[in-house]
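Q: Take any residue in the sequence shown, count from 1 to its spot, add 479: that is its number in this note's numbering.
Accuracy of the hints is not assured; some may be wrong.
Unchecked claim - Heads up, simulated DSBU-like pairs for lysine-lysine below, C-alpha to C-alpha not over 30 Å straight-line: (1) Lys-595 with Lys-649; (2) Lys-561 with Lys-595; (3) Lys-683 with Lys-649; (4) Lys-561 with Lys-683; (5) Lys-688 with Lys-561; (6) Lys-675 with Lys-649; (7) Lys-675 with Lys-688; (8) Lys-610 with Lys-688; (9) Lys-688 with Lys-649; (10) Lys-610 with Lys-595.
Source of the hints: derived by calculation from the structure; they are not laboratory data.
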Amino acid sequence: MPAPSALPPAAERWRIVLLEDDDTSRHFFERSIRSHAGLDLQASFSRLRDAQAWLESNPADLLLTDLSLPDGHGLELIYRLKNLQPGCEALVISVLGDEDTVLACVEAGAVGYIHKDTHSQDIGQIIADVKRGASPISPMIARKLLERLRQPAGDTPAAPEAKPAVHLTKRETDVLRLIARGYSYAEIAEMESITKHTVQMHIKNLYSKLAVHSRGAAVYQAGLMGLVAPPGQ
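Kindly produce the complete structure, drawing on both the sequences and the hints.
A: Structure follows, in structure tokens:
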């Protein structure tokens with residue numbers, strides 16, 4: 480860690496919040512961030528809800544987040560970040576590297592996407608690069624995206640037929656909106672004056688109607704449907 484005399488003024492250091500459920504990875508990232516004089520690790524969490532609660536009342540400059548978390552999907556927090564803190568950037572680091580996940584994160588507001596394929600990379604330096612205006616994407620992910628963009632016009636699949644509008648009941652819409660805002664099943668049950676079991680049944684129906692299999696994907700669809708504010712608004 481840099482000597483105190485080597486640290487720049489607090490106002491010049493980027494305030495970092497880390498969200499990573501794997502203890503080994505989290506400790507590695509913490510050490511890397513602390514080794515850079517221009518970065519200030521403000522808080523480190525293993526649960527999405529704890530990170531969200533902290534961000535609701537504390538300023539930050541960058542959120543470094545994993546996606547697969549014990550209590551939700553990092554995409555949920557990225558979506559809400561622009562409402563919680565419009566000036567805070569989001570940087571993803573995850574073992575997930577498929578095109579759809581990467582694009583969903585970028586569309587939600589992430590400034591970069593790093594594949595968690597090795598512990599040898601200096602995440603602190605990557606964040607410092609973001610501070611200077613970079614938008615880092617791991618080479619293996621960038622290659623996949625470029626291949627998709629370079630697909631010959633003749634090989635481009637025909638545009639899919641428009642999907643019929645998804646018809647949600649008022650209760651399903653309310654539950655989806657609350658999921659997108661990060662509330663737990665128990666909290667939703669209390670707010671809607673229904674049982675937790677009923678909430679779970681509504682969510683099962685939502686997943687079926689939206690053709691999704693996770694909270695993160697449901698939140699993404701909620702954004703497309705205008706049930707949660709798009710990034711930046």
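Q: Would you mind marking each hint as holding or not holding in the structure?
A: Against the structure, the hints come out as follows:
1. Lys-595 with Lys-649: violated, 40 Å
2. Lys-561 with Lys-595: Within the cut-off at roughly 24 Å; holds.
3. Lys-683 with Lys-649: Cα-Cα ~15 Å, so holds.
4. Lys-561 with Lys-683: holds, 28 Å
5. Lys-688 with Lys-561: holds, 27 Å
6. Lys-675 with Lys-649: holds, 17 Å
7. Lys-675 with Lys-688: Satisfied, since the Cα-Cα distance of roughly 20 Å is no more than 30 Å.
8. Lys-610 with Lys-688: violated, 41 Å
9. Lys-688 with Lys-649: OK: Lys-688 and Lys-649 at ~14 Å, within 30 Å.
10. Lys-610 with Lys-595: OK: Lys-610 and Lys-595 at ~20 Å, within 30 Å.
Hint compliance for this structure: hints 1 and 8 are broken, all remaining hints hold.
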